[in-house]
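Residue numbers (this note's numbering), protein chains in the order written: chain A, 32 to 446; chain B, 727 to 884; chain C, 163 to 545; chain D, 5 to 377.
Note that these hints are calculated values from the structure, not bench results. No experiment lies behind these values; they were computed from the predicted model shown. Treat each hint with caution, since some may be false.
Claimed, not checked - Where chain D lies over chain B, by a calculated footprint (3+ residues, C-beta under 8 Å):
hint: 1; segment: 763-769
hint: 2; segment: 826-838
As the list claims (entries may be wrong) - Dumping the calculated SDA-like pairs for lysine to any residue here, alpha-carbon to alpha-carbon at most 20 Å:
hint: 3; chain 1: B; residue 1: Lys830; chain 2: A; residue 2: Lys411
hint: 4; chain 1: A; residue 1: Lys331; chain 2: C; residue 2: Lys457
hint: 5; chain 1: D; residue 1: Lys72; chain 2: B; residue 2: Ile769
hint: 6; chain 1: C; residue 1: Lys457; chain 2: C; residue 2: Gly404
hint: 7; chain 1: A; residue 1: Lys378; chain 2: A; residue 2: Lys331
hint: 8; chain 1: D; residue 1: Lys356; chain 2: B; residue 2: Asp796
hint: 9; chain 1: C; residue 1: Lys387; chain 2: A; residue 2: Ile356
hint: 10; chain 1: A; residue 1: Lys247; chain 2: B; residue 2: Thr823
hint: 11; chain 1: B; residue 1: Lys824; chain 2: A; residue 2: Ala235
hint: 12; chain 1: B; residue 1: Lys768; chain 2: D; residue 2: Lys356
hint: 13; chain 1: C; residue 1: Lys469; chain 2: A; residue 2: Glu264
Glycine residues also receive a C-beta, built at the ideal position from the N, C-alpha and C atoms.
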Amino acid sequence: MGIINFAPKILDPIPGGKYVVNAVDYVVNWARANSIWPLTYGTSCCAIEMMSSSMARYDIARFGSEVFRASPRQADLFILAGTITKRMAPAIQMLWEQMPGPKYVLAMGACTISGGPFIYDNYSVVRGAQNILPVDVFVPGCPPRPEALFHGLLTLREKILKETCRNPWQEGYPEDVSRVDRYREAAKAWAELEKIKDEEMAEAREKFKAENPDYKSTFKPVRVTKEAFPEVERPAAAELTAGELSQADIFGKIKAKFESATVDEAILATASSDSPAEITLDVKDYFAATEFVKNDPALKMDYLIDVTAIDYPDHFELITQLRSIELGHKVFFCVPLPKDESIPEEKRATSLLAKVPSITALYPAASIKEREVYDMFGIKFEGHDDLRRIFLDKDFVGFPLRKDFTNPEMIKRPV
Amino acid sequence: MDQKKISTKQYFKTYLKKCVTGPWSLLCGLSVSLKYFFNPKKIVTEQYPENRKTLKMHERFRGRLSMVEDAEGNNRCTACGMCERSCPNGSINVQATKNIAGKKVLGRYVYHFASCTQCGLCVEACPFGAIEMAPEFEVATTDINSLEMILNKKEGQG
Amino acid sequence: MSMTQLPPGFKIIRDENSEAYSDEFFVNMGPQHPSTHGALRLAIRMDGETIVELVPHHGYIHRGMEKQAESMSYLQYIPMSDRQDYLTAIQNNLGVVLAYEKGMNVGVPLRQEYIRVMLQELGRIASHLVFFGCFGGDLGGQTCLLFGFKEREMIHDILEEVTGSRLTMNFFRPGGSRFDVPDTFIPRVKAFLEHLETTMKDYERFLSKNVIVRERSIGIGVLSKEDAIAYACSGPVARASGVNFDVRRNNPYSIYSQLEFDVPVTYNGDCYDRYNVRIAEIHESMRILRQCIDKFPAEGPWRSKEKPVKLNPGRYYSEIETAKGLYATYVVAAAGDKPYRIHTRGPSFPHIGVLNKMCQGLTVSDLVTIMATLDPVIPEIDR
Amino acid sequence: MFVPSITNPVGDFVREWVPKLAEYLPAAIQSDTLNNIVAFLINAVICVIAVCVVNIGSAPILIYMERKVCAHVQCRLGPMRLGWHGTIQTIADVLKMLFKEVYAPGGVDKFVYFLAPLIVLIAPFMVAALIPFGQNLVVADIDMGIPLIIAINGFGVLGILLGGWSSNNKYSLLGALRSGAQMISYEISFALVLLFVVMISGSTNLMTITQTQSGTVFDWMIFKVPVLGFIAFILFFISSTAEMNRAPFDIAEAEQELTGGYHTEYNGTPFAMFYLAEYIALVTNSSLAVTCFLGGFHAPCLGIAAIDGYLTMIPGVIWFFAKVFFMIWCYMMVRWTFVRPRVDQLMSFEWKFLLPLNLLMLVAGAAYVALVG
């Protein structure tokens with residue numbers, strides 16, 4: 032990049048020019064290798080370790096790299112700190128393209144090297160930064176210690192020092208490793224080797240057996256002795272505080288108002304506000320019941336903990352968890368939502384299978400939670416004014432948390 | 727922004743108060759940074775490549791997975807596959823083979839360092855203490871294929 | 163601008179001909195931006211430097227943890243929880259494990275309870291120190307960032323000695339923990355507390371009373387008590403708005419009911435209050451730690467009998483107070499050793515939901531202050 | 005004709021020797037005018053080189069100093085590995101930036117985009133020419149020194165505005181506009197403080213201002229006028245920090261808000277120029293502060309017979325740079341201590357606090373001159 036790369040062409044023919052080129056080369060390489068400015072970029076855990084490495088304890092400034100640039104146009108090194116998702120990948124590519132050459136990429140942590148903990152059964156993570164960028168240095172670890180990052184920096188430095196203007200830095204190319212399943216490949220390769228070995232060894236084994244008919248292995252694996260511990264009882268549930276209602280009382284109040292409310296009696300007997308019983312409600316009562324528990328002066332369920340869902344083969348269950356800040360009791364509603372059977376089989380994976388009234392009017396916090404349920408399960412919330420996908424792209428196919436969700440990018444867990 | 731209406735007197739009162747407390751608070755802040763600037767003992771930096779010799783990881787530190795081997799290089803693995811099953815992301819291939827007596831022993835212990843999250847569940851699961859997390863952190867490389875390692879030097883005993 | 167022209171999520175329709183209208187433009191903050199605390203994209207509609215409306219776009223770090231959990235064993239999910247809110251990894255571990263313990267119906271010996279509480283509080287201090295740093299750093303004082311992280315390193319040193327890893331601890335197990343604490347643990351915590359006591363004085367002198375900090379945070383990003391409850395805010399954010407709610411006191415888990423501590427509550431709900439609540443919580447955590455050091459049982463089992471991690475079929479809910487707020491785990495257990503579904507309720511998610519309401523009419527600089535005081539961790543939102 | 009008054013021995017030496025050498029030329033083209041012009045040109049080249057050396061040479065030192073000062077405030081070490089305690093780290097940085105790829109992003113106004121960093125560099129360079137570094141070391145010893153400085157200093161904002169506007173980036177534009185508003189506001193108090201100095205010393209010539217401060221520390225402007233001088237110094241410190249766009253008044257760059265402000269889209273050499281300009285401005289503003297308030301190149305405590313001899317042994321330029329570096333250190337300590345105010349707070353601080361105070365100062369200064377001086 033830049034004029035330096037033309038230097039050999041012009042200067043080499045001139046007598047003595049070679050030495051000038053070499054000298055300039057040495058200086059430039061020395062400067063490049065020792066002044067590596069990273070880009071401020073981080074998505075998850077590794078970013079914190081990257082930050083730690085620039086803090087007082089480890090101090091990346093000793094290497095002259097404390098100048099974290101927020102703008103990619105001034106950075107030399109792209110430390111890929113944290114998982115790369117498919118949604119983030121275009122942004123990362125754009126950032127990389129904006130960096131002026133020579134630029135380097137350091138993949139920090141297991142996620143960016145191979146997908147790390149998110150290799151199997153995952154629909155959203157890019158399995159390895161090599162898929163989208165040419166990576167120069169890999170620093171494994173989850174997350175790597177700051178020292179490991181420094182070791183990566185030093186490795187990169189070695190690599191830069193090897194470049195000359197006769198062998199200049201060149202933009203590399205990403206390679207597609209997204210379908211590589213190292214576990215299965217290794218297992219397959221070994222199985223083949225084993226087969227060959229079995230054939231080769233068959234004779235020797237026969238012979239051995241004939242010679243030592245009552246062979247017994249001398250190897251006795253020693254189990255690690257583990258300390259024995261006593262069993263410990265769980266402490267009893269905390270007593271009710273003033274104003275707090277027991278789970279049975281709450282159920283009684285709701286049952287009196289809504290006929291459809293049912294609950295597992297066995298659980299109700301032991302339930303406390305630490306582990307509340309779930310009150311199953313009919314869809315048509317759902318909104319009214321939520322409104323009731325919110326406004327009833329004895330219940331005062333003013334705080335929405337969460338809205339989530341569970342996918343069962345024939346129905347969804349919408350779980351709405353509410354609590355009272357003031358009184359301290361909780362109520363969990365469980366609303367079974369039958370799946371719409373009228374949708375033809377081939378369209379089921381991509382269409383909304385159930386609908387339920389939205390409670391955003393009562394709890395503004397439900398807005399984002401319902402969007403999440405919509406995104407993950409394909410449940411429609413009627414009356415929600417901004418029902419968009421929240422975590423996935425708007426053209427993502429399917430609803431990942433359904434049990435029958437399939438994605439061509441997903442690799443099944445081998446063990 | 728809706729600003730509350732205040733009287734002129736109040737305005738001047740707060741204005742003058744700020745004129746005094748403002749600079750004072752700034753001086754307080756400055757005194758802290760001066761204190762740190764002139765006190766080299768406060769520096770906590772550990773100089774990594776220089777302190778390589780004295781740098782020691784904690785006993786429980788989880789670095790790269792490695793095999794526990796005795797002086798002759800024998801390992802304790804029985805190829806039971808507990809570690810493989812406990813691994814959250816298939817980073818371990820315990821590749822069993824049969825030895826000459828036809829008994830199942832460890833052939834190759836393949837470790838995919840690239841995807842290992844160093845959670846330590848494998849070490850916890852191993853009933854024989856055959857593997858451990860080595861306190862090794864200088865693992866950066868420019869070649870991703872070097873991250874796929876075979877941990878055992880010898881075939882398993884049996 | 164008509165509704166159809168607006169990008170998704172924006173709702174306010176302004177009349178082009180009205181007097182208040184001037185040229186509006188849209189700015190994208192993120193996904194790579196120094197002050198969004200991770201991969202979050204904020205689409206901001208601005209009028210000059212004033213924010214008219216703001217729409218957060220999530221999902222840049224959505225990693226499908228809940229889907230993966232369905233094919234994992236219960237034990238294998240514990241390291242996953244480390245990677246949600248990586249600043250309070252040790253607390254998330256406990257949140258998951260408490261739900262498992264309900265499902266397995268096992269208890270925990272006293273020594274383990276103390277270990278748990280102490281690590282919890284150390285984790286809380288560490289997280290709040292990061293907040294202290296980021297708050298100062300986002301306001302433009304880089305030095306605060308380093309001050310906060312300096313003390314945090316000491317905590318992580320202790321945690322590393324106990325758990326074996328600096329950030330992703332994977333420490334607690336149903337019925338106990340991976341290891342017992344080493345003998346050096348208590349003396350080290352004691353020494354650290356003494357050190358922190360003096361350093362916090364310096365740090366508070368450095369930032370708390372600073373007139374610029376006060377000017378920039380008092381009255382900025384006010385969140386009323388009603389909104390804090392309605393938008394399901396928790397933790398220091400809610401407590402700064404006057405919501406007197408802390409799981410440690412309202413639904414005590416572990417041995418918090420036997421310990422003496424205050425829940426700091428303030429009533430203005432602005433950025434400065436959120437900062438003050440967190441600083442006060444550091445002091446309360448130190449108080450809890452001191453009590454734990456005094457009461458720590460020197461003898462006794464540190465875990466209950468080891469059992470295979472297999473939950474009885476049913477649904478289990480646990481909640482803990484992490485440094486950020488209410489962290490709830492909801493486990494649906496079926497027969498077998500794999501969960502049918504695990505759902506996590508992270509505290510940061512609702513906080514981003516209320517961001518739009520807090521920022522309207524303020525400037526970009528205020529947005530940075532508000533983001534810093536909400537102290538969100540994005541991977542925990544996206545999971 | 006304007007003859008540059010480089011009054012140092014070198015200037016005289018050139019003026020002396022040019023006519024002597026000219027005698028060897030054919031008589032037809034010999035003339036005093038030509039001699040003057042040649043002497044002028046040679047002098048000018050020397051001046052340009054001197055200014056460049058002082059400015060560009062000091063920038064890497066300052067960057068290194070900044071990195072070390074900030075490191076030590078933050079309890080760390082700063083650059084350590086390149087040279088002794090990382091002394092040549094900044095040289096590596098500059099070299100690297102020079103050999104980096106330079107390109108203009110799509111959609112920028114290329115002419116203005118590449119012009120902007122040059123304009124930013126001009127202002128501090130020109131100011132440096134007016135500063136008396138020593139008894140004889142001044143490039144342009146002109147009578148209108150202070151007004152010229154006030155005029156030139158506002159020039160830098162033009163470059164920032166152009167850079168931000170031409171970058172075709174909303175963050176850059178916001179940063180540039182912020183910077184424009186800020187610098188225009190603080191220009192006023194900057195000028196008024198200098199006016200106070202002019203009023204007390206009775207001259208706009210920087211050399212004369214320096215000469216009026218010779219003597220002990222209490223003859224320096226900062227202490228010469230009791231209390232008022234010190235307040236004026238603080239006011240100058242604040243407004244010059246704002247003029248330089250340095251933290252805590254770096255709202256134009258505001259990394260946490262605008263990812264770098266006006267220079268977001270710059271890379272390689274043009275970015276290095278912005279970077280350089282920031283530090284050169286630091287030198288010139290500190291020099292100005294030293295000249296106006298801290299006795300310029302005079303040693304402290306002149307006039308006490310016992311130590312006078314020792315103090316005068318050290319040349320004035322060394323005293324000058326010692327004071328300049330102390331000032332720079334103060335600027336740095338402030339930068340690494342305080343947080344950044346918001347734009348509107350910055351403005352209201354200027355218009356509601358600094359400006360009234362400045363006007364009061366002028367009145368008080370006038371009263372002082374009338375009653376005491």
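These are the hints, each one checked on the structure:
For the segment 763-769 of chain B, the stated coverage by chain D is satisfied: 4 residues place a CB nearer than 8 Å to a CB of that chain, which reaches the threshold of 3. Check result for the segment 826-838 of chain B against chain D: violated, 0 residues qualifying (beta carbon to beta carbon below 8 Å, three or more required). For the suggested pair Lys830 (chain B) and Lys411 (chain A), the alpha carbons sit about 55 Å apart, so the restraint of at most 20 Å is broken. A threshold of 20 Å between alpha carbons decides the hint, and for Lys331 (chain A) with Lys457 (chain C) the separation of about 38 Å lies outside it, so the pair is violated.
Restraint check: the Cα-Cα separation between Lys72 (chain D) and Ile769 (chain B) comes to about 12 Å, which is no more than 20 Å; the hinted pair holds. A hinted pair counts as satisfied when its Cα atoms are at most 20 Å apart, and Lys457 (chain C) with Gly404 (chain C) does not qualify at roughly 32 Å. The straight-line distance between the Cα atoms of Lys378 (chain A) and Lys331 (chain A) is roughly 42 Å, outside the 20 Å bound, and the hint therefore fails. Taken as a hint, the Lys356 (chain D) and Asp796 (chain B) pair is broken in the structure, with Cα atoms around 78 Å apart against an allowance of 20 Å.
A threshold of 20 Å between alpha carbons decides the hint, and for Lys387 (chain C) with Ile356 (chain A) the separation of about 11 Å falls inside it, so the pair holds. A C-alpha spacing of about 18 Å is found between Lys247 (chain A) and Thr823 (chain B), which places the hinted pair at or below 20 Å, so the restraint holds. About 12 Å separates the Cα atoms of Lys824 (chain B) and Ala235 (chain A), which keeps this hinted pair within 20 Å; it holds. Between Lys768 (chain B) and Lys356 (chain D) the alpha-carbon distance is near 40 Å, which puts this suggested pair outside the 20 Å criterion.
Of the supplied pair hints, the one linking Lys469 (chain C) and Glu264 (chain A) holds, its CA atoms being roughly 14 Å apart against a limit of 20 Å.
When each numbered hint is compared with the structure, violations occur for hints 2, 3, 4, 6, 7, 8, 12.
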